[in-house]
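*Asks:* Same order as they appear, the protein sequences are chains E and A.
Using my numbering, you'd call the opening residue of the first sequence number 64 and step up by one each time.
Using my numbering, you'd call the opening residue of the second sequence number 4 and step up by one each time.
Don't read these hints as lab results, they were simulated from the structure.
Be aware that one or more of the hints could be misleading.
Unchecked claim - Which residues of chain A face chain E? A partial, calculated answer using Cβ under 8 angstroms:
no.: 1; residue: 6
no.: 2; residue: 7
no.: 3; residue: 15
no.: 4; residue: 16
no.: 5; residue: 17
no.: 6; residue: 26
no.: 7; residue: 30
no.: 8; residue: 36
no.: 9; residue: 38
no.: 10; residue: 42
Glycine is no exception: its CB is placed at the ideal position from the N, C-alpha and C atoms.
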Amino acid sequence: MAGRENWSARSGFIMAAIGSAVGLGNIWRFPYVSYENGGGAFFIPYLVALATAGFPLLFLDYVAGQKYHGAPPTAYRRMIKSQEVVGWWQVLVCSVIGIYYAAVLTWAGQYTLYAFGQSWGADPEAFFFSHYLQNGTGLDFGIVPSLMIGLFIVWAIVLFIMYGGIQKGVELCNKIFIPLLLVMFGIMVFKAVQLDGASQGLNAFFTPNWEKMADPKVWLAAYGHVFFSMSIGFGIMVTYASYLKKNANLTGSGLVVGFANSSFEILAGIGIFSVLGFMAAATGKPVSEVVSGGIGLAFIAFPKIISTMGDAGTIIGVLFFGSLFVAGLTSMASILQVPISAFEDKFGWSHKKSVTIVGGVSAVISLILFSTKSAITFVDVIDHFANNIGVVTGAILSIIWVTWFNRPVMNKLMSHINAISSVKVGQGWLFMLTIITPLSLIVALLLSVKSLLTEGYGGYDLVTQLVFGWGVVAVFALGAFILTKAPAHASHHEHKSLDKGENV
Amino acid sequence: MNGTALMIMLIALVAIWGGLILSIIHLVKHPDIDMDKVPSDH
Chain E
64 MAGRENWSAR SGFIMAAIGS AVGLGNIWRF PYVSYENGGG AFFIPYLVAL ATAGFPLLFL
124 DYVAGQKYHG APPTAYRRMI KSQEVVGWWQ VLVCSVIGIY YAAVLTWAGQ YTLYAFGQSW
184 GADPEAFFFS HYLQNGTGLD FGIVPSLMIG LFIVWAIVLF IMYGGIQKGV ELCNKIFIPL
244 LLVMFGIMVF KAVQLDGASQ GLNAFFTPNW EKMADPKVWL AAYGHVFFSM SIGFGIMVTY
304 ASYLKKNANL TGSGLVVGFA NSSFEILAGI GIFSVLGFMA AATGKPVSEV VSGGIGLAFI
364 AFPKIISTMG DAGTIIGVLF FGSLFVAGLT SMASILQVPI SAFEDKFGWS HKKSVTIVGG
424 VSAVISLILF STKSAITFVD VIDHFANNIG VVTGAILSII WVTWFNRPVM NKLMSHINAI
484 SSVKVGQGWL FMLTIITPLS LIVALLLSVK SLLTEGYGGY DLVTQLVFGW GVVAVFALGA
544 FILTKAPAHA SHHEHKSLDK GENV
Chain A
4 MNGTALMIML IALVAIWGGL ILSIIHLVKH PDIDMDKVPS DH
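So here's chain E without its partners, still in its complex pose:
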């Protein structure tokens, strides 16, 4: 088994970690969540959540990966033997997210091309559902050729990046695409704030609704958002940190990554709400009637707005969808790196073998499911269950396995961070990870489960929810146990501690 790669420089790791954290959610989720939860007042719970859950969990991910030198299953096993199963849960969650994320990435890529000619015409909603996705009624496995070709191209690009490994693949990709994203999105925001009605949108985004601060759901939304936005608690940051050298300044780098992610979100909020303000002014409606988030914002609302701008809309459309594609591509690389690295570590596979098998199987499943006329149903249901049950459960387990059930390990981790990092952690960090972070996640999980059990999700029929929702959760659980029990390469068990040859 070849030696483990390292990032070529600290900047390479930071750039890749920012590329992972800054994704579709920063652009289409944060502005909407913020607006719905108190506007300007949302920044208070957001900053509190960042300080009490975001950074503490980010540092925990970093130290687990860097100290134990592996993707989640191997790193966790070397830290606490019984925790390997949690690592495999996270790996399977990432694998499933990668499989459907490729579909959304395909849509963003193809809409970048459509934006040049504003191909969606006068009715973007009908274009998206009927013409582009050819969305059928119920479950329809009929193939949509254009979706299949797009998906094939996206997977070819992603696997090409992954074959390059850490330095020549992931790091190089982020060094090219993160500056490109900043330039494209920066120009888009610059254009957006000059639109008529932009100030109306910014008023809606920043005007505080202080009464919302008394609503626990707002605080929960802040914790939920920070957690998803920073790519923490689901194995990505553990994996990326495992390629750091033994002297890496963990907390110093973590602060830059976390603040860079939040800075991009604020920029996204300003850009998106300026455009929504333009729409409100153009149609004579209040911003509250034109606001939306997620897929609805990107593929329906934005095309509608672009169409009302004439030629100027083409530039904003290309920049917006291009930014979505680039932000999604760097996140996709980080998501896929988790299972690729995990299989290398556990089974002693070469990097190329792992990319071929893990990436190949993922690509085939992705092409089979998301080239169909039910692609949006699969994306919607799998995304909801994978995030709200899969990611949150994995994060809770990864935290409490250490802070609640193996407390002495926390002292070792704290000592390790403080020996090599410029910003020291102490009892406050332990307190956050023992009480605040797990409790906020547990409450969020219980509310999600209660809602799914009593109301179901999205009005989909029971079979769809059972197979593509709860069925996916069952795959996480069953797969985690099977992979934990699978015979491993010898290197998986022992920890040659970061070039020192020390077994831990």
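Based on these hints, arrange chain A on the given structure of chain E.
*Replies:* Okay, now just chain A, sitting in the frame of chain E:
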């Protein structure tokens, strides 16, 4: 923009973008420690 919204926007920008600038300055001033200074049990 109204005064309150403008004020909140400036505070948010100062807090978040200011945090980014300060953390970059901090990181530049604190390069990774030398390999031989990493404690042997780490």
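*Asks:* The structure should be examined with respect to each hint, and the outcome stated for every one.
*Replies:* Hint by hint, here is what the structure shows:
Using the Cβ-Cβ criterion of 8 angstroms, the hint placing residue 6 (chain A) at the interface with chain E is not satisfied: the shortest such distance is roughly 10 angstroms. With 8 angstroms as the threshold, the beta carbon of residue 7 (chain A) comes within range of chain E, its nearest partner Cβ sitting at about 6 angstroms, so the hint holds. Contact between residue 15 (chain A) and chain E, as hinted, is supported at the beta carbon level, the nearest pair being about 5 angstroms apart and thus within 8 angstroms. Because the beta carbon of residue 16 (chain A) sits about 7 angstroms from the nearest beta carbon in chain E, less than 8 angstroms, this interface hint is met.
Restraint check, residue 17 (chain A) versus chain E: the minimum CB separation of about 11 angstroms is more than 8 angstroms; hint violated. Interface restraint check for residue 26 (chain A): the shortest CB-CB distance to chain E comes to about 4 angstroms, inside 8 angstroms, so the restraint holds. The beta carbon of residue 30 (chain A) is positioned within 8 angstroms of a beta carbon in chain E (closest approach about 4 angstroms), and the interface hint is therefore held. For residue 36 (chain A), the shortest C-beta to C-beta distance to chain E is roughly 5 angstroms, which falls under 8 angstroms, so the interface hint holds.
A distance limit of 8 angstroms between C-beta atoms decides the matter here; for residue 38 (chain A) the minimum to chain E is near 5 angstroms, and the interface restraint holds. For residue 42 (chain A), the shortest C-beta to C-beta distance to chain E is roughly 5 angstroms, which falls under 8 angstroms, so the interface hint holds.
The structure does not agree with the numbered hints 1 and 5 stated previously, though it agrees with the rest.
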